[in-house]
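Add 26 to a position in the sequence shown, counting from 1, and you land on the number used in our numbering.
Please note: incorrect hints may appear among the correct ones.
As the list claims (entries may be wrong) - Restricting the straight-line Cα-Cα distance to at most 20 Å, the calculated cross-link-like pairs of lysine to aspartate or glutamate (EDC-like) are:
| # | residue 1 | residue 2 |
| --- | --- | --- |
| 1 | 266 | 194 |
| 2 | 79 | 170 |
| 3 | 129 | 194 |
| 4 | 192 | 268 |
| 5 | 245 | 170 |
| 6 | 42 | 195 |
| 7 | 79 | 240 |
| 8 | 63 | 76 |
| 9 | 125 | 240 |
| 10 | 129 | 268 |
| 11 | 265 | 170 |
| 12 | 167 | 76 |
| 13 | 155 | 76 |
| 14 | 167 | 240 |
| 15 | 266 | 195 |
Hints were generated in silico from the structure; no laboratory data involved.
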Amino acid sequence: MHGLVKCELLKLKRQKVIPISIIITLIPIILGLFNFKANYAVFKDVNTGDWLKAWSQVGMFYAPVMLPIIASVYCAIIFRVEYANGNLKIILSTPVSRKSLYKSKVIISALMVLFLQAVFGISYFIFGKLFGITGSFPISKILELLILGWVGILPLIAIQIHLSLKYEDFTKPIMIASICTLGGFFIGAISGIRYLWPWALQKIPMDLSSGGIEGVIPKAIYILYCLIFAGVIVTIGIKKFENMEIK
27 MHGLVKCELL KLKRQKVIPI SIIITLIPII LGLFNFKANY AVFKDVNTGD
77 WLKAWSQVGM FYAPVMLPII ASVYCAIIFR VEYANGNLKI ILSTPVSRKS
127 LYKSKVIISA LMVLFLQAVF GISYFIFGKL FGITGSFPIS KILELLILGW
177 VGILPLIAIQ IHLSLKYEDF TKPIMIASIC TLGGFFIGAI SGIRYLWPWA
227 LQKIPMDLSS GGIEGVIPKA IYILYCLIFA GVIVTIGIKK FENMEIK
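With the sequences and hints as input, model every part of the structure.
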């Protein structure tokens, strides 16, 4: 498994979409901080520090749309490399098990999004300083938001990996993700149903403009639910992949 993950990393080294996607994540940070500064008077009565007040605007732009779409692009890229030159057929002709191959792709996708979250958090701190936000940086709270958001995106990754395997066309799984993400705006507002919609789960803890996770669901339950949800989808995906005929 470790060797397969390393192999996936080597394949992705030449993909320009990854650094581009990291640059794109600066857009919600800059937009959110501009919005925060422009409407600072509105936030004066909010009983939190400026860093979390500003995050409510940054997370509002990032969590519901940018994060799920970028995660879906990562999943599609992983299989685009395989489909480009018929690599998948070659790999499956080797002794590598389909189960291990599938799991390695899920793991590498999750690690890529985790790295993206880390870059997003660091960028938020840097740009926040440039925008003149004062006070101590709530590193433990920001880390919590980033990690919970990452856990929340795991079911989406599990589904998008399956879709990226199913459709050889690079754009199809991304189009599906985009439509489902937009649908998440409406579904995410319906308590109960939003927990069944993988394209809206990451929004629950990260979007403080909607209240965040506090008072909505215990964090431990949320983490356990997302892990089980992702695990079930991955298990189904593996079973389908093992019985799938590669053309």
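Going down the list of hints, with the structure as the test:
1. Proposed proximity of residue 266 and residue 194 is supported: the alpha carbons are some 16 Å apart, at most 20 Å.
2. A C-alpha spacing of about 16 Å is found between residue 79 and residue 170, which places the hinted pair at or below 20 Å, so the restraint holds.
3. Our distance criterion of 20 Å between C-alpha atoms is met by residue 129 and residue 194, whose separation comes to about 19 Å.
4. Distance hint between residue 192 and residue 268 is fulfilled; the C-alpha atoms sit about 13 Å from each other, no more than 20 Å.
5. At most 20 Å may separate the alpha-carbon atoms for a hinted pair to count; residue 245 and residue 170 meet this at roughly 10 Å.
6. Note on residue 42 and residue 195: the hinted pairing holds, with a Cα-Cα distance of about 18 Å set against a maximum of 20 Å.
7. In summary, the hint linking residue 79 to residue 240 is supported, as the alpha carbons are separated by about 15 Å, within the 20 Å threshold.
8. Under the criterion of a C-alpha separation no larger than 20 Å, the hint pairing residue 63 with residue 76 is consistent with the structure, at around 10 Å.
9. Between residue 125 and residue 240, the direct Cα distance comes to roughly 37 Å. Violation of the 20 Å bound is thereby established for this hinted pair.
10. Straight-line distance between C-alpha atoms of residue 129 and residue 268 comes to about 12 Å, which keeps the hinted pair within the 20 Å bound.
11. The suggested pairing of residue 265 with residue 170 is violated, with an alpha-carbon distance near 33 Å, which exceeds 20 Å.
12. Between residue 167 and residue 76 the CA atoms are separated by roughly 13 Å; this keeps the pair inside 20 Å, and the hint holds.
13. Restraint check for residue 155 and residue 76: satisfied, since their Cα atoms lie roughly 11 Å apart, inside the 20 Å limit.
14. In summary, the hint linking residue 167 to residue 240 is supported, as the alpha carbons are separated by about 12 Å, within the 20 Å threshold.
15. Taking the CA atoms of residue 266 and residue 195, the gap is about 19 Å. The hint holds against a cut of 20 Å.
Violated hints, in rising order: 9 and 11; the structure is consistent with all others.
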